[in-house]
Structure formats: structure tokens, C-alpha cells
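Enquirer: Here's the letter readout for the chains.
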Amino acid sequence: MWWHRCSCVPLRPVYAEFELSLTAMGAKPSGRNVQGQRVCQRRPGSQGTKMEMPLWLAKGLYERKRRVLSMELPKVYREGWRTVFGADPTVVDLHKMGPYYYGLGSQLLHFDSPENPEIANTILQTFIGRFRRTMDSSQNAYNEDTSALVERLDCLERSLFKAGQSGLNSFQLWEKGRSSHLTASSLVINYRKRKITDLQA
Amino acid sequence: MSLLTLRRNFFNVHVITTTKIYRENCLNEAKTEGKSELIPSIKFRHSCLLRNQRCIAAYLYDRLLRIRALRWEYGSVLPTTIRFHMCAEEMEWFNQYKKSLATYMRSIGGEEGLDITQDMKPPKSLYIEVRCLKDHGEFEIDDGTVILLKKNSQHFLPRWKCEQLIRQGVLEHVIS
Numbered sequence: 001m002w003w004h005r006c007s008c009v010p011l012r013p014v015y016a017e018f019e020l021s022l023t024a025m026g027a028k029p030s031g032r033n034v035q036g037q038r039v040c041q042r043r044p045g046s047q048g049t050k051m052e053m054p055l056w057l058a059k060g061l062y063e064r065k066r067r068v069l070s071m072e073l074p075k076v077y078r079e080g081w082r083t084v085f086g087a088d089p090t091v092v093d094l095h096k097m098g099p100y101y102y103g104l105g106s107q108l109l110h111f112d113s114p115e116n117p118e119i120a121n122t123i124l125q126t127f128i129g130r131f132r133r134t135m136d137s138s139q140n141a142y143n144e145d146t147s148a149l150v151e152r153l154d155c156l157e158r159s160l161f162k163a164g165q166s167g168l169n170s171f172q173l174w175e176k177g178r179s180s181h182l183t184a185s186s187l188v189i190n191y192r193k194r195k196i197t198d199l200q201a
Numbered sequence: 001m002s003l004l005t006l007r008r009n010f011f012n013v014h015v016i017t018t019t020k021i022y023r024e025n026c027l028n029e030a031k032t033e034g035k036s037e038l039i040p041s042i043k044f045r046h047s048c049l050l051r052n053q054r055c056i057a058a059y060l061y062d063r064l065l066r067i068r069a070l071r072w073e074y075g076s077v078l079p080t081t082i083r084f085h086m087c088a089e090e091m092e093w094f095n096q097y098k099k100s101l102a103t104y105m106r107s108i109g110g111e112e113g114l115d116i117t118q119d120m121k122p123p124k125s126l127y128i129e130v131r132c133l134k135d136h137g138e139f140e141i142d143d144g145t146v147i148l149l150k151k152n153s154q155h156f157l158p159r160w161k162c163e164q165l166i167r168q169g170v171l172e173h174v175i176s
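So the protein lines, in turn, are chains V and P. Here the first sequence is numbered in UniProt numbering, starting from 1 and rising by one per residue. Here the second sequence is numbered in UniProt numbering, starting from 1 and rising by one per residue.
Bound-form chain P, shown alone (with noise of 0.2 Å):
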């Protein structure tokens, strides 16, 4: 699952060629005037005009799919790597679904709203046993202790303060 530069350059002669043949048939068209020769001519480039459609739809739909994923995976924060491989306009897609998601999400669960980003797999005790893969240097819990997260510490922390971390890569959870 990885999220490659958009092919811009590739967008460009595509729409050269569309306009090209699109006009090859305009033309064709105005000869036609009753006459049923061309339009087999005609269906051809249509034909192809609609597939090259098709399949540049897909690749920016599946890319989409792709950045709707890493809301989910990653959080609301992108790492920079990820971000510069997106487009403009897939950042602003980006932008605006989380804040459908966070929007949603504060309308259901009562008045402070519910993470459904959290607990994505069922929990089964409140605290969790985890240890550190990489510095990340200072973390703060609820009640306000600081702990320092070095590589290889482990520690005995919240699941749900944990759970994003964890994700990310940043921490693992141990299991006795």
C-alpha cells in the first residue's frame, strides 16, 4: 500500500491527444451529413477517448482510496514522506474528509462525541504493557506524569493513549 507521485506529465498528453482526437471526430462529424460512412470512424475514436477516461478515472480513484486509508492508519497528522507525494487537490480531498469524519464523529456519542478511529480492535484490559522501537522523546499521560520514551523502555501505559503510537510504528505492544 504505498502512495506514489501523481504522474502529472502523463495527464498532459492524455489531454493533447483527447483534444486531438476530439476534434478529428468534430470534423468527421460535419462531413457525415446523412451520409452513414464515417461513423464508424467516429465510434473508434470515441471509443478510445472513453477508454483512456476510464482508466485515468481508476488510477486517481484508487490513489483516493489509498489517502482515505492513511486517515485511518496513520491519523489526522501525515508524515512529510507521505505528503509529498499527494497532489494539491488530494490534500484538499484529504482536508475535507477528516473533517466530515470529525464532524461525524462528534454527532454521535453523547456531548463529547466518540473516536471511532479508536479501539479498532476489541480491548481487553485498560492498561497495556508496551515497548519503545525508536526514541520519541517526552509523553504525557492524563494525570500528568512525563515519561520519557527511549528505545527498548518499556512501560505499563493506557491503552487508549497508547493506541495511536502503536500504529505509527512508535511503540509495541507486548503481550505476556
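This is chain V alone, in the form it adopts within the complex (with noise of 0.2 Å):
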């Protein structure tokens, strides 16, 4: 699992995903944790098994001297994708183009690939294309629905996104005069709401 910045932590796990070439000998027992997820299997001395980890699995086994796996990019992060990224970063997908680009992007880098400086300059000049129109859609879209202008931003900006329309909101009701209107807390609305929807079950 990767972990996402914000330490405001869903428990979904989300895997990074990506081809990895075993160059590792060793005997590897059938690995499954607590989740049941994966079975990581592999026999003893094959070597240049192509397989899909878990992000957080092969951060772990990764080592650069003695050389146990060697990465393969996912596509986002090429060099194909790059140009179109380098040409206009707004036209894109991020959201579909895996929903945790700027994240995983960056865990990339430890991966130690020779392109390395290119995936970091891209995903950076990445970010500051995209982020006035993120910026502009969050402060002025009052009271509507937002679902067309978030559809295609990738987690971060999302989060982003939400941080600016919180602001919106809270200045509006500063200019209506109620700000000091006191309001039942928002844990008493939801078990009001909850021992209704438990009722009429």
C-alpha cells in the first residue's frame, strides 16, 4: 500500500502495480499476509520472472548493490506519455492515467531507473500546468455540481480541489452573516440520520 501525503488515511488498499524482473535466486516460500492478498510464488532459482508487486513490496526487497529486481515503468511515466505531458498537461486524464500519479510517481524515484531527473521534471512541470485551472475551478464554482471539473484530476489535486471549495464555502457564509449561526455538530446530524435509516429498516 502506498500511503497517500495527507495522513488523513482511507483503509483501501491501492496497488502500484508494475512489471518486475526477478534476477533474485533464493528460495521464496509462498508469501500471503493477514489481507490474503497476493500469493507471491515463486521456485527456487528462477531467475527473470516477470511479476506484479505490491509497491510497498518491492520498496522493501529492492536493493541497489546486490541487484534483486530490476522495475519496469508503467506507462504514465514513459517516455512516450512524457511529451504529451511536456506538450499540454491540462488535456489529460490524470484520473484515469492511475489516480495516484503525483504519489507514485514519486515513490518511483527510489527505484533508482536512469531516468529518474526526466520522471521528476515531468511530474513536476506536470503539477504547476495543471494547478491554476485546479485552483480557479475550486474558488469559483459555488453551490453547483462540481463532478465535471474533478472527474479528471488525479488524487492530490482532488484533495487540492476540496481544500479550495471548503474556503469558498466558509467565505460565503462569512458574507451572509452566518458565520456565528451555531449548528448542531456534524456527528450528531449523522447519527440522527443513521437511527432513521436503522428505523425504517
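If you are wondering where the hints come from, they were derived from the structure by calculation, not from laboratory data. The beta carbon of each residue, even a glycine, is placed where N, CA and C say it ideally should be. Careful, some of the hints might be misleading.
[Claimed, not checked] EDC-like, lysine to aspartate or glutamate: derived pairs with alpha carbons at most 16 Å apart:
# : chain 1 : residue 1 : chain 2 : residue 2
1 : P       : Lys-134   : P       : Glu-172
2 : P       : Lys-121   : V       : Glu-175
3 : P       : Lys-99    : P       : Asp-115
4 : V       : Lys-75    : V       : Glu-52
5 : P       : Lys-124   : V       : Glu-175
[Claimed, not checked] Stretch by stretch, here's where chain P covers chain V in the computed footprint (C-beta under 8 Å, at least three residues):
# : region
6 : 169–180
7 : 184–197
[Stated by the list, open to error] To give a feel for the contact side, a few chain P residues facing chain V, derived at Cβ under 8 Å:
#  : residue
8  : Lys-43
9  : Phe-44
10 : His-46
11 : Ser-47
12 : Arg-51
13 : Glu-73
14 : Tyr-74
15 : Lys-121
16 : Pro-123
17 : Leu-126
18 : Glu-163
19 : Ile-166
20 : Gly-169
Fit chain to chain and form the complex, with the hints in mind.
Expert: Structure representation (C-alpha cells):
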């Protein structure tokens, strides 16, 4: 699981899956951890096997000197897509291309690929290119359906959008003079809603 | 923002699996003695252990953050429905947090201390108009008068007295 940088953590596992060439020797028994995730099974001595692995596992096994694993970059970070991002970052549907584009990209730099400087630069420039539009739309969409604005954004951009919206809403509340209006806590409202649905069920 | 019951059995399974995996690792390490063959498998198991640890830590931490928010949203006394979902250690943590907060509040603002859980939104007037959302019984205000809070009754009460009840959903702040 790759942890998103802001530590409000959802517990859904995010599999950063990519092909790995295992150039390792050594008996590795079939591993299965508590959640019963995918079994990494290898027969002893099978070199050059390609398999998919979660990011945390790849990071744990990776070693520069010993060359246990070599990592194959996912599509979005390769040369072809990098040129697309260079040309116009705003047209890309980042949610479809991997909802954690920025986060995963930053983690991939860990694996010492020769293209690292270019990957890092692309990620940075993409963010810079797209940020303006995200900020603009979040500050100007008041009280309307924002799904069209949000659907092509990656998760980091979505959290920024949400922050912008919450700022905008607070400001509007203040302008209307309702910032001193006392309200029930959100917990109470949710419990009440839950109770009603329980009664109806 | 809801707190569900702590998944105890999930943790027990985790502890058992962890010890099993750890023991396998120790066995392998004993066999190694200078050869580097088994190191990838040791690293593999270790990564699994660390990852499970991270997941559990995140889950527990998230719960703690919600429990902390409960102090600010609900007040010092939690309703039984919520307390039912908390385990003993979390209750203990909550009580400690309450104590720390109370100590802090006493230390600031001069002699009597300052209640920072009040006036979370900027106050505009001393007295506010409130409507009762459910029967809450009798309510005494500072000058001794007792008010009967019946459903749908409206009252003009001091703000600092009502704030807690409004947050709990008993009263509703009416703005004309």
C-alpha cells in the first residue's frame, strides 16, 4: 500500500502494480499476509520472472547493489507519455491514468532508474501546468455540481480542490452573516440520519 | 464521522500471523550464516510484517483522531451509543485527553481559566433565540430561573448556556 502524503488515511489498499523482473535467486516460499493478498510464488532459482507486486513489497525487496529486482516503469511515466505531458498537461485525464499519478511517481524515483531526472521534472511540470486551472475552478464553483470539474483530476489535485471549495464556502457563509450561526455538530446529524435509516430498515 | 466497534478478532489474527512469520524469519536467519541466498525471503517477510504494522497503526490512529474530535463536538460526557463502540484503552485515552485539556484551560486566562471549547464561532450577541428540537426537561440558567425545554418551544437565552445544547442537537439556533 502506498500512503498518500496527507495522513488522512483511507484503508483501501492501493496496488501500485508494475512488472518486475526478478533476477533473484533463493528460495522464497509462498507468502501470504493477513489480508490474504496475492501470493508471490516462485520456485527456487527461477531468474528473470516477471511479476506484479505491490509497491511496498517492491520497495522492501529492492537493493541497489545486489540487484534483486529491476523495475519496469508504468506507461504514464515513460517517454511517450512524458512528451504528451510536456506538450499540454491540462488535457490529460489523470484520474484514468492512475489516480495517484504524483504520489506514485514520487515513490518510483526510489528505484534508481536512469530516467529519474526526466520523470521527476515531468511530474513537477505537470503539476505546475494543471494547478492554475484546479485552483481557479475550485474558487469559482459555488453551490453547483462540480463532478465535471473533478473527474479528470488526480487524488492530490482533488484534495486541493476540496480545500479550495471549503474555503470558498466558509467565506460565502461569512459574507451572508451566518458565520455566527450555531449549528449541531456533524456527528449528531450523522447519528440522527443513521438512526432514522435503522428504524426504517 | 462515525466510530464503529474496534475489530478485536482482526487484531488477534494479525498477532498470530505476525509471530508465525517472524519465527520463520528467525529460522532462516539461523541457516544463513554468511550465505546470502535466503536474504530476499527474509526481506520479503519483513516487508509484510512492516506493512501490516503500518495498516494497523493507521487504523488505530484514525480512530484516535475521531475520538479527540468527539471531545470538541460533544463535550466531556459522551452518549452511551458512542461509548459502546470504544474499547477500554480508547476510553482511557479519552479521559487523559480531557484531563490535559482541562488543565490547559485552567492555566490560561487568569484566575478562573478560559473555556476554549466555547464560542467556536464568533459571537454576535449575548442572548440568542433558540427553538427546542426535543424534550430535554428542565434547564436552569445563571440567575436561578428554571426553563422547561419542551419540543418546539422557543426561548430567549444566554448564548454561553445554550452552546453545548445546540451542538448536541437539543436546541436549534433561530435567526430571524
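Enquirer: Can the hint on Glu-73 (chain P) be confirmed by a CB-to-CB distance to chain V that is less than 8 Å?
Expert: holds, 4 Å
Enquirer: Measuring from the C-beta of Ser-47 (chain P) to each C-beta in chain V, is the shortest one below 8 Å?
Expert: The hint holds - Ser-47 (chain P) has a Cβ within 8 Å of chain V, the shortest such distance being about 3 Å.
Enquirer: How about Arg-51 (chain P): closest beta carbon in chain V under 8 Å, or not?
Expert: holds, 5 Å
Enquirer: Take the region 169–180 of chain V, compare each residue's beta carbon with every beta carbon of chain P, and decide whether three or more fall closer than 8 Å.
Expert: holds (count 3)
Enquirer: Given the proposed pairing of Lys-75 (chain V) with Glu-52 (chain V), does the C-alpha separation stay at or below 16 Å?
Expert: holds, 14 Å
Enquirer: Given His-46 (chain P) as an interface hint, is the shortest Cβ-Cβ distance to chain V below 8 Å?
Expert: Given a least distance of 7 Å, the restraint on His-46 (chain P) holds.
Enquirer: Mind checking the alpha carbons of Lys-99 (chain P) and Asp-115 (chain P) for me, to see if they're no more than 16 Å apart?
Expert: Holds, at about 13 Å.
Enquirer: May I ask you to test the interface hint for Lys-43 (chain P) with respect to chain V, counting a Cβ-Cβ separation under 8 Å as satisfied?
Expert: Result: holds, 5 Å to nearest chain V Cβ.
Enquirer: Would you settle whether the hint for Tyr-74 (chain P) is holds or violated, based on the nearest Cβ-Cβ distance to chain V being less than 8 Å?
Expert: Since the shortest Cβ distance to chain V is 7 Å, the answer is holds.
Enquirer: According to a criterion of three or more residues whose C-beta lies within less than 8 Å of a C-beta of chain P, is the region 184–197 of chain V covered?
Expert: Held - the region 184–197 of chain V has 10 residues with a Cβ nearer than 8 Å to chain P, which meets the minimum of three.
Enquirer: Minimum Cβ distance from Lys-121 (chain P) to chain V below 8 Å?
Expert: Interface hint status for Lys-121 (chain P): holds (5 Å vs cutoff 8 Å).
Enquirer: Given the hint that Lys-134 (chain P) pairs with Glu-172 (chain P), test it: the Cα-Cα distance must not exceed 16 Å.
Expert: Holds. Lys-134 (chain P) to Glu-172 (chain P) sits at ~10 Å (cutoff 16 Å).
Checked against the numbered hints listed earlier, the structure breaks hint 17 alone; every other hint is satisfied.
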